[in-house]
Amino acid sequence: MKHIFLYNPAAGQGDAKACIEATVAQHPDCELYVTREPRDATLYTEKRIASSLDEKLCFVACGGDGTINEVASAVAGHENACFTVYPCGSGNDFVKIYGGRERFLDMDALLAAEPAPIDILKVDDRWCINVFSFGFDTGVLKTMNNVKRKPLMGGQRAYYVGIVHALMKSMKTSCTITVDGESFYSGDILLCTFANAQYVGGSFKCAPRAKVDDGLIEVCLVKPISRLSFVNLIGTYTNGTHLEDPRMKDIVLYTQGRKLTVESAKGLLPVSLDGEVIERKRFTVEVVPGGVNFALPEVKE
Numbered sequence: 004m005k006h007i008f009l010y011n012p013a014a015g016q017g018d019a020k021a022c023i024e025a026t027v028a029q030h031p032d033c034e035l036y037v038t039r040e041p042r043d044a045t046l047y048t049e050k051r052i053a054s055s056l057d058e059k060l061c062f063v064a065c066g067g068d069g070t071i072n073e074v075a076s077a078v079a080g081h082e083n084a085c086f087t088v089y090p091c092g093s094g095n096d097f098v099k100i101y102g103g104r105e106r107f108l109d110m111d112a113l114l115a116a117e118p119a120p121i122d123i124l125k126v127d128d129r130w131c132i133n134v135f136s137f138g139f140d141t142g143v144l145k146t147m148n149n150v151k152r153k154p155l156m157g158g159q160r161a162y163y164v165g166i167v168h169a170l171m172k173s174m175k176t177s178c179t180i181t182v183d184g185e186s187f188y189s190g191d192i193l194l195c196t197f198a199n200a201q202y203v204g205g206s207f208k209c210a211p212r213a214k215v216d217d218g219l220i221e222v223c224l225v226k227p228i229s230r231l232s233f234v235n236l237i238g239t240y241t242n243g244t245h246l247e248d249p250r251m252k253d254i255v256l257y258t259q260g261r262k263l264t265v266e267s268a269k270g271l272l273p274v275s276l277d278g279e280v281i282e283r284k285r286f287t288v289e290v291v292p293g294g295v296n297f298a299l300p301e302v303k304e
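For the sequence shown, my numbering begins at 4 and goes up steadily by one.
Hint data in this document are derived by calculation from the structure and do not stem from the laboratory.
From a predicted model like this one, the values you see are computed outputs, not experimental measurements.
Among the hints, erroneous ones may be present.
[Unchecked claim] If you anchor each label on the Cβ, the simulated ranges turn out as follows:
{"#": "1", "residue 1": "102", "residue 2": "244", "range": "10 to 20 Å"}
{"#": "2", "residue 1": "177", "residue 2": "214", "range": "24 to 34 Å"}
{"#": "3", "residue 1": "303", "residue 2": "269", "range": "49 to 59 Å"}
{"#": "4", "residue 1": "293", "residue 2": "25", "range": "26 to 36 Å"}
{"#": "5", "residue 1": "149", "residue 2": "111", "range": "41 to 51 Å"}
{"#": "6", "residue 1": "235", "residue 2": "271", "range": "26 to 36 Å"}
{"#": "7", "residue 1": "293", "residue 2": "235", "range": "34 to 44 Å"}
{"#": "8", "residue 1": "12", "residue 2": "103", "range": "21 to 31 Å"}
{"#": "9", "residue 1": "58", "residue 2": "119", "range": "28 to 38 Å"}
Ideal Cβ positions, reconstructed from N, Cα and C, are used throughout, including at glycine.
Construct the complete structure from the given sequences, taking the supplied hints into account.
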């Protein structure tokens, strides 16, 4: 099987590129492609799959969750192609369902990994491999994107600027949600996630019961709360105990489904799709069971 490493230089950490280049140099069945702009990984992967229908290809997403989304989006639905991950982004949320990034850093295990089908979410005309979310956390991300290159507010400060702004402006989002054709919720929310995997935002275990091969979407909705309650309860949402914590009993709504819709009650609804902010009035999210082939490295004992 040919392995094609797609490296995102904007997401690279440390000596990631050097390690990838060394691997490619040592293995004649490996190639390296350095992406140049957003969506480039998707376009390149699509072209390679279309020109190699008789060859089995494994595309290695080298970056963060955005790069993984771009590669998985192109691989979805193709039997002759799979993807895996060399995680060198800032959040690396998707791989946390498998124990974290360390499992994917052993190049020999990565190249030996056998593909197997996992679920992927179809979001209108887009794909989502990790988490689709809206409300407070998307407010944070939207502000971060707006200020990250500005003096004084950019860089690592952008996250804290995003939190402060969201605490002032994103404590309530008005929407209507349906699950498998039935009304689930209508009104104001603090935040909501439609999850294929478990983690979002770099550290928040939003969907602790999620599995990527069960044909289900995990829905976790948090109702509006005061800023003081937010500060007191954010820890339980971070560590993934919010579904059992008695303090969250009247705040959290949780269910599973296969086809979901969310519609804004006021204008466009900003959502985070694997970390990318997009805005529409209404979204339809549907799970595609076994819709993409994923090569998971074995854990060495």
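Checklist entry - Which earlier hints can't be squared with this structure? => result Those not satisfied come down to hint 9.
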